[in-house]
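Asks: Kindly produce the complete structure, drawing on both the sequences and the hints.
Number of protein chains: 2
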Amino acid sequence: MLSNKLLNRMVLLGNMFTFKIKHKEEHCQARTGIITTPHGKIHTPAFIPVATQATVKALTPQQIQEIGFEAVLCNTYHLYLRPGPNLVKKMGGLQKFMSWHKPTFTDSGGFQVFSLKEGLCEVDEEGVDFKSFIDASKHRFTPEVSMQVQRKLGADLIFAFDQCLEISADHDTTKRSLARTHAWAVRSLKEFKRLNRDQSQALYGIVQGGRFLDLREESAKFIASLDFDAIGIGSIFGDPKEESRQLVEHTVKFLPENKTKHLLGIGAVEDLFTYVELGLDTFDCVLPTRLARVGYIFIHPKSGGNIKNKFRYRITHAEFKEDKSPLDQHCDCYVCKNFTRSYIRYLFKSDELLFYTLTTYHNLHFFYRLMQEIREGIEKDQFLKLKKKWMR
Amino acid sequence: MLSNKLLNRMVLLGNMFTFKIKHKEEHCQARTGIITTPHGKIHTPAFIPVATQATVKALTPQQIQEIGFEAVLCNTYHLYLRPGPNLVKKMGGLQKFMSWHKPTFTDSGGFQVFSLKEGLCEVDEEGVDFKSFIDASKHRFTPEVSMQVQRKLGADLIFAFDQCLEISADHDTTKRSLARTHAWAVRSLKEFKRLNRDQSQALYGIVQGGRFLDLREESAKFIASLDFDAIGIGSIFGDPKEESRQLVEHTVKFLPENKTKHLLGIGAVEDLFTYVELGLDTFDCVLPTRLARVGYIFIHPKSGGNIKNKFRYRITHAEFKEDKSPLDQHCDCYVCKNFTRSYIRYLFKSDELLFYTLTTYHNLHFFYRLMQEIREGIEKDQFLKLKKKWMR
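Line by line, the protein sequences are chains A and B. Here my numbering is used: position 160 in the first sequence is 160, and no number is missing along the way. Here my numbering is used: position 342 in the second sequence is 342, and no number is missing along the way.
FYI, nobody ran anything at the bench for these hints, they're computed from the structure. It cannot be assumed that every hint is accurate.
Unchecked claim - No more than 25 Å apart at the CA atoms, straight line, and that leaves these computed lysine-lysine pairs for BS3-like:
| # | chain 1 | residue 1 | chain 2 | residue 2 |
| --- | --- | --- | --- | --- |
| 1 | B | Lys321 | A | Lys152 |
| 2 | A | Lys324 | B | Lys90 |
| 3 | B | Lys20 | B | Lys253 |
| 4 | B | Lys20 | B | Lys193 |
| 5 | B | Lys337 | A | Lys90 |
| 6 | B | Lys20 | A | Lys96 |
Replies: Spelled out as structure tokens, the structure:
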């Protein structure tokens, strides 16, 4: 972990945050790269596990690191409500608080606030009023508040405050919302610059624009014109597949190549291939961890994973009662080297806590290894071949 | 892990189970020793963590081993009902099933069956009828069944089937029950010898006798007269303290010195000192793990642990909200080296699974280190000095 003194010296030297493209694949826009932060490097394309409440559910930070991950993403909305940004700041910031001494992202809080049911969230031009999921107390986020909260949380990589819409929003609604998101982007950036004198954080601007190519284009151009360190693309839900792909494909045309790009909330295996191909660098998603806790196990194509079964099966089924094989016979993670499907299914039936740890560990390892295969594929200019192998 | 071939060869060589006294303390009966089993050695005196359902709740076997433990104890009653001894046997036995490749104990199932409420358990001379905690289905344990079940589970160290009584049982009731326990001891031993031709398991006889010195003496003499590999003492609840101590003190007078002795279900810090002083070698108890899950944290005397506070405090209290210190400032476990009280209390408030892992890890580490201090104390003939230091 870097001392404050060393951090200050690094600020003087500049270049605390850089994004370097290592290799561009010949046949598409896929690329490998390195994001450098004060807490270390992230090799891209990378999947970023979600540590919503400052913990990847059921795993120690030691286990996350053992799998190989170089970064996690925490949710500002949750941490703002509990334990609160002031407490996290007092404890030395998120990394120290959760004992994760590598790069950390926080989202802006926007997505969670705008996901609240009607009546729990009300938006105006300045910001948004919402109620706490813990005690229904009233709160207000503005771009400035989001920047201040994320400053106190102290992640390396943070996001501008944006408005997220339902996938069904029409053109008029989306257009009005986009104007607001753009105004908020400007205000986020201004407040960020005021707070970030020590350059200890980097800010992602977020492209919105709903389901509309013209609005995505407008948003990409606008966000690209501002002085953000990096760019996120929001409100892409992965479905419908072809529409989502077209939206992102059209968006990235208007984004600068040299800025690193994050696709928010995406993590299905198929989608990772789709968006790496379009030049996206990082992805966060609760899919592997959330599905692990209800018994879905990800498996490699060598072990029968394919688009149709979504590269997963459910370990809770009776057919695995006496199955001596590991969760995935072609996986070399701690769980697959040590435990059988029979034992893990039994832990589920017995309501044992170890079930969550083992399934989460394996699923995250699956995603880590997938991205590693993808990075290796790109560097050999064989990404499309790899994609074909996985997608057949 | 030993292969079957190697195991068979060891059987031919004999001495798969030995107990060797390393050092006898000058000033009392405390001793250090080594129990050798086909899966490795246990340095005594030792605390044996309880893995009721073939898992120490919230920890991986890797973490248990990292702490330093050399053995765990599983509950036959639970494993008999789920997943069942046949499944465990098919999976290669308990050690392989749970991926714990070190010595393993199973209890006889008696304690759990006799702890069931009235109507769920009915005893006769031959055995006991009981209902499942899972689906209320009817089952029957006899000494023979307990031996057969423990054989299939395949732990290294197993226990004879005994009747456990409530602490309030009178002399007549206890006397009648003791006659039954002794008859069951003979039957357990007979069935064990029939099953254990390959000498892969060792059997503990259990001394009972309730609250009565004369019955404890009778039981100790009887159990000592039989060909058990080792001896357990049952139905000592630790309270009332002085009465419990006197019962065990009187019991051990009639037990052979060279057999290793296990005190069932005991694990309060004070009690460990009391019974190590009387020459007991091993102890199992759910105390550190069960209390961990509701937020009780064990601390060393250097950090304020004492008899009055039972060497523990509750991390859930508001006073720890902003506490940057570790759970125990004089502890060097993974948890204390990496996390603050503030973070761990926050995990509790946020219903995060990591809370159980961290508190369980620390508490078990506390008990491991305590027994390590005790072993070192004995070897320097300073056990009583150490006890005084802890008990003041």
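Asks: Evaluate each hint against the coordinates.
Replies: Comparing the hints with the structure gives:
Restraint check: the Cα-Cα separation between B:Lys321 and A:Lys152 comes to about 17 Å, which is no more than 25 Å; the hinted pair holds. Note on A:Lys324 and B:Lys90: the hinted pairing holds, with a Cα-Cα distance of about 9 Å set against a maximum of 25 Å. Our distance criterion of 25 Å between C-alpha atoms is met by B:Lys20 and B:Lys253, whose separation comes to about 19 Å. Our distance criterion of 25 Å between C-alpha atoms is met by B:Lys20 and B:Lys193, whose separation comes to about 23 Å.
For the hint pairing B:Lys337 with A:Lys90, the CA-to-CA distance comes to about 19 Å; that is within 25 Å, so the pair holds. With a CA separation close to 47 Å, the supplied pair B:Lys20 and A:Lys96 exceeds the 25 Å bound.
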